[in-house]
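Q: Sequence:
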Amino acid sequence: MKKLLYLLMILAVASCNKDNNDPSPNPQVLEKQQAPFGKTSADVFLRKVYYDGHLSREYFYDGNVLTGQKGYVFFKEPVLYLTGNVRRSNGMVDSVSALSAWVSGEAQTVSKDFKPFYSMIFDKPETDSVRVISRKNHISPETYYSKYTFDSKGFIVREDLSKQYSTMYRFVYYYIRNDENNVSKSWYTSPTETIVPHTITYQYDNHPNPFFSLGMDRSDYISSASLSPNNMVSETITSEGSAPRTITYKYEYMPNGFPGKVTITNEFSEPYTLTFEY
Numbered sequence: 022m023k024k025l026l027y028l029l030m031i032l033a034v035a036s037c038n039k040d041n042n043d044p045s046p047n048p049q050v051l052e053k054q055q056a057p058f059g060k061t062s063a064d065v066f067l068r069k070v071y072y073d074g075h076l077s078r079e080y081f082y083d084g085n086v087l088t089g090q091k092g093y094v095f096f097k098e099p100v101l102y103l104t105g106n107v108r109r110s111n112g113m114v115d116s117v118s119a120l121s122a123w124v125s126g127e128a129q130t131v132s133k134d135f136k137p138f139y140s141m142i143f144d145k146p147e148t149d150s151v152r153v154i155s156r157k158n159h160i161s162p163e164t165y166y167s168k169y170t171f172d173s174k175g176f177i178v179r180e181d182l183s184k185q186y187s188t189m190y191r192f193v194y195y196y197i198r199n200d201e202n203n204v205s206k207s208w209y210t211s212p213t214e215t216i217v218p219h220t221i222t223y224q225y226d227n228h229p230n231p232f233f234s235l236g237m238d239r240s241d242y243i244s245s246a247s248l249s250p251n252n253m254v255s256e257t258i259t260s261e262g263s264a265p266r267t268i269t270y271k272y273e274y275m276p277n278g279f280p281g282k283v284t285i286t287n288e289f290s291e292p293y294t295l296t297f298e299y
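For the sequence shown, this note's numbering begins at 22 and goes up steadily by one.
These are computed hints drawn from the structure, not numbers from a lab. Given the structure is predicted, the values throughout are model-derived calculations rather than measurements. Don't be surprised by glycine CBs; every beta carbon is placed ideally from N, CA and C.
With beta-carbon atoms standing in for the labels, derived distance ranges:
no., residue 1, residue 2, range
1, Lys-271, Tyr-242, 19 to 27 Å
2, Ser-263, Ser-45, 46 to 54 Å
3, Phe-96, Ser-244, 24 to 32 Å
4, Asp-226, Asn-287, 15 to 23 Å
5, Leu-120, Lys-168, 25 to 33 Å
6, Lys-97, Thr-257, 34 to 42 Å
7, Ser-260, Gly-112, 38 to 46 Å
8, Asp-238, Thr-170, 18 to 26 Å
9, Asp-115, Lys-69, 20 to 28 Å
Distance condition first, Cα-Cα at most 20 Å in a straight line; then the derived SDA-like pairs of lysine to any residue:
no., residue 1, residue 2
10, Lys-174, Pro-229
11, Lys-60, Lys-174
12, Lys-60, Gln-49
13, Lys-168, Gly-59
14, Lys-168, Met-189
15, Lys-145, Lys-168
16, Lys-271, Thr-284
17, Lys-168, Tyr-242
18, Lys-184, Asn-158
19, Lys-60, Asp-149
20, Lys-69, Gly-281
21, Lys-145, Ser-45
22, Lys-206, Pro-250
23, Lys-136, Pro-162
24, Lys-97, Gly-74
25, Lys-145, Asn-111
26, Lys-53, Glu-201
27, Lys-60, Ser-150
Produce the complete structure using the sequences and hints provided.
A: What follows is the structure, given as structure tokens:
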């Protein structure tokens with residue numbers, strides 16, 4: 022009887038150790054990762070973005086998740102030049118792709134035929150904290166790989182960016198977050214560059230960022246515009262050997278707390294305004 026109890030104890034301990042060391046990703050952990058990963062859904066649906074009063078982007082939804090977008094270039098009137106789709110499996114993004122027409126700014130024309138522009142494939146997760154996206158630019162054509170690392174709350178804190186067939190194109194972006202989970206500071210390193218990279222510090226208000234639930238900015242990139250749940254009011258870029266420069270964001274808010282308009286001012290370029298329609 023004692024031998025039997027001892028054997029049962031060994032089996033129980035072995036079972037517990039197997040569970041603790043099981044490398045399989047936990048679905049509950051993956052689901053809470055920030056968009057475009059996880060199962061983040063929109064509370065308020067951003068429908069259109071206008072650049073200086075001209076239609077720039079349209080977004081489409083199924084229920085409370087993004088399914089596609091359209092991009093417009095403005096000549097005498099808005100002209101469609103890009104269509105994109107978001108594909109999901111079990112509520113999580115599998116891929117994002119877009120078709121694009123050829124735009125001639127000089128001739129003020131857009132071609133009638135749409136060809137593959139880019140495709141983003143979300144690799145099957147191997148761990149709870151690391152996800153990989155491959156982005157193929159069909160025009161170039163070139164493929165880039167982004168390996169994202171998440172903190173315990175599901176927010177991105179690092180991106181390792183590399184280029185297919187290149188040993189020189191390697192960058193690591195770091196994101197420091199504050200108590201509100203907004204990115205307060207970022208910088209990058211590259212083993213192939215000797216110049217000290219610039220550092221960016223960010224300030225925010227307490228209003229919700231409409232790009233956060235989409236997971237991508239209006240150019241379909243995971244960028245500083247989409248990484249934080251609140252709206253950026255300034256970003257200060259500091260580089261060694263040069264004076265800091267600051268970009269400011271001035272908002273006009275709607276009753277629901279989301280921005281209706283933001284004016285972006287940069288000392289090195291003309292200010293521009295984005296208007297949001299929900």
